[in-house]
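Q: So the protein sequences, as listed, match chains A and B.
For the first sequence, the numbering used here assigns the number 1 to the initial residue and increments by one for each residue that follows.
For the second sequence, the numbering used here assigns the number 1 to the initial residue and increments by one for each residue that follows.
Just so you know, these hints were derived from the structure itself, not from any lab.
Honestly, I wouldn't trust all of these hints.
DSSO-like mimics (lysine-lysine), calculated; alpha carbons at most 27 angstroms apart, straight line [unchecked claim]:
1. A:LYS107 with B:LYS329
2. A:LYS38 with B:LYS308
3. A:LYS30 with B:LYS308
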Amino acid sequence: MSEDKLLTAEGIVKSFKDEFKTKIIDAQIKEHAAGTKKNSTTSIWMKVDSKAFKDVVKHLISLQYPHLAVASGNDLGKTIELIYHFTVNFGYNRKQINLNISVEVPKAKPEIQSICDLIPGALITEREKMEMLGVDIIGIPDKRRLFVPEDFPKGVYPWRRDETGPEKYYKNLHEVKK
Amino acid sequence: MSQTQTTKTTYHIPIGPIHPALKEPVYFEFEIAGEKIVDVDVKLGHVHRAVEWASRKRNPIQILYLAERICGICSYCHPAAFTLAVEKIADIEVPERAEYLRVIQGELERITSHLLWAGVAAHEIGFDTVLYLTWQIREKVLDLTEYLTGNRITKGIMMIGGIRRDITKDMLPRIKKDLEYYKECYDKLGKVFLNDKTVKMRSQDAGILTKDEAMKLCAVGPTTRASGVKKDVRVDTSYFAYGDLDIECITPEVLTGEVNGDVYDRIIQRLLEVKQAIELIEDCIDKMPSGDIVAEPKLAKLLNQLKKANGEAIGIHEAPRGEVIHYVKMDGNEAPFTWKVRAPTYNNILPWIPMLKGEQIADIPIVAASTDPCMSCTNRVGIVKDGRKYELTKEQLHKLSIAKTRRLMK
Numbered sequence: 001m002s003e004d005k006l007l008t009a010e011g012i013v014k015s016f017k018d019e020f021k022t023k024i025i026d027a028q029i030k031e032h033a034a035g036t037k038k039n040s041t042t043s044i045w046m047k048v049d050s051k052a053f054k055d056v057v058k059h060l061i062s063l064q065y066p067h068l069a070v071a072s073g074n075d076l077g078k079t080i081e082l083i084y085h086f087t088v089n090f091g092y093n094r095k096q097i098n099l100n101i102s103v104e105v106p107k108a109k110p111e112i113q114s115i116c117d118l119i120p121g122a123l124i125t126e127r128e129k130m131e132m133l134g135v136d137i138i139g140i141p142d143k144r145r146l147f148v149p150e151d152f153p154k155g156v157y158p159w160r161r162d163e164t165g166p167e168k169y170y171k172n173l174h175e176v177k178k
Numbered sequence: 001m002s003q004t005q006t007t008k009t010t011y012h013i014p015i016g017p018i019h020p021a022l023k024e025p026v027y028f029e030f031e032i033a034g035e036k037i038v039d040v041d042v043k044l045g046h047v048h049r050a051v052e053w054a055s056r057k058r059n060p061i062q063i064l065y066l067a068e069r070i071c072g073i074c075s076y077c078h079p080a081a082f083t084l085a086v087e088k089i090a091d092i093e094v095p096e097r098a099e100y101l102r103v104i105q106g107e108l109e110r111i112t113s114h115l116l117w118a119g120v121a122a123h124e125i126g127f128d129t130v131l132y133l134t135w136q137i138r139e140k141v142l143d144l145t146e147y148l149t150g151n152r153i154t155k156g157i158m159m160i161g162g163i164r165r166d167i168t169k170d171m172l173p174r175i176k177k178d179l180e181y182y183k184e185c186y187d188k189l190g191k192v193f194l195n196d197k198t199v200k201m202r203s204q205d206a207g208i209l210t211k212d213e214a215m216k217l218c219a220v221g222p223t224t225r226a227s228g229v230k231k232d233v234r235v236d237t238s239y240f241a242y243g244d245l246d247i248e249c250i251t252p253e254v255l256t257g258e259v260n261g262d263v264y265d266r267i268i269q270r271l272l273e274v275k276q277a278i279e280l281i282e283d284c285i286d287k288m289p290s291g292d293i294v295a296e297p298k299l300a301k302l303l304n305q306l307k308k309a310n311g312e313a314i315g316i317h318e319a320p321r322g323e324v325i326h327y328v329k330m331d332g333n334e335a336p337f338t339w340k341v342r343a344p345t346y347n348n349i350l351p352w353i354p355m356l357k358g359e360q361i362a363d364i365p366i367v368a369a370s371t372d373p374c375m376s377c378t379n380r381v382g383i384v385k386d387g388r389k390y391e392l393t394k395e396q397l398h399k400l401s402i403a404k405t406r407r408l409m410k
């Protein structure tokens, strides 16, 4: 890859909006400066329709093969939000763009397509999302648990904040029994 | 006379999960045909302590100290990544001097971590004299760390909006003297590791990770750079004072002219990074502007400001082992809504599989250690063959590795 093929933040957002139109729900570009020279780093926060998620990743790969840092997740009450943190343009002085693609899936049917066939390195983070948030990852090559032990009760997801969360297993040792 | 038929079958050996020498137990299951590794399976989670959950009851300043205790060796990089994320959310501007001091601390941690690794790697192939040599140098670096932060390992130096201790003028001669000493030792170490025939025999063409595999499996840090992927957060982005400094992204071809992605390249990679870290510290000391070291010295006021913060951000820092990334979401409460920690080893687990496939059992310690996981010592191996069970202890596995070195030396 030569330097003139580097992506720009505006270019990435425009390319996705042209390709997916209304399925890109929101896209924001943020700059953050640091040091005495105040050089800045660009981040893009993009919210996409969960049904288009796999095509969005495919489109990203067609622009440039990204590095997937990790996927994080939030329990937002009625929905579960997954945020995939990609980085592109690495290998050049201060040209990296952090691309955070978030999707929301309904809690009643928490499903998302696996991207392991596109980025094999996504396997660990996808397995973690399955056990921690109870998201069903369709087409994942390895469905086993990762961090949570085998004898941990089924249907309890440590990152959830509702009745399927881990509350009843807490031992609040600081509380004094009366 | 009946003919006895022999069929070739593979067998499984489990390794781990207890590794007492370094933290983070990992469980491997190897499928073996003779001496050759056919397939590898990795199981994790033996020390999952729900640190992220524990943050739900803490305010951001308390979380700094919790983050510091995620890992003993990376006790600076976790609070650093968390602070970066929180500062972005709360829009805190960090004084310029603090940004330089943060780089000095980060690079000092890189030197200690890489020297620790070099010692462990030497031990794995049976060079215990080199282990003592590297750890002797590391001890001196820890002395400097203690001089600058007051602590050797868990430094407690990071603060949201700055750093907790300044480097004053009277401290500079001692720092410069120590840096000169490290440079001398670096030349010595370079000779020991890079010109030694036996180290070359054990590490060249062992545990190869190709550039393509490194990209696809999302490897990070020295592991991915040793395979030729130029990915270094310090170069790619501008955070702390790294954006002001001239940093080159180092890959092993700087020294050898080619990238093989083997264990030898990963040794070269880390040694070159030690040199780079020493130079960066010198650079920072020269360029450091004067001024405050923290944006808001009154903690109660800072906490009040953080309580009002609303939003989400990521903090990325180049830890000794690679990119560490923290995602923080704050919703106007005392504790953050979400805190997701991603340590570099998390991404360097899958690359183990192509590295270990096709290698011998005796190569497991050095190849597994070559990614510098928070796991380096294989404790106990049980071989299950035809329903019978053999046990290989960590010592026996280590002996196998030494025997291979001796065999090659003949």
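Q: The structure should be examined with respect to each hint, and the outcome stated for every one.
A: Checked hints:
| no. | hint | verdict |
| --- | --- | --- |
| 1 | A:LYS107 with B:LYS329 | 20 angstroms, holds |
| 2 | A:LYS38 with B:LYS308 | 26 angstroms, holds |
| 3 | A:LYS30 with B:LYS308 | 20 angstroms, holds |
In this structure, every one of the numbered hints holds.
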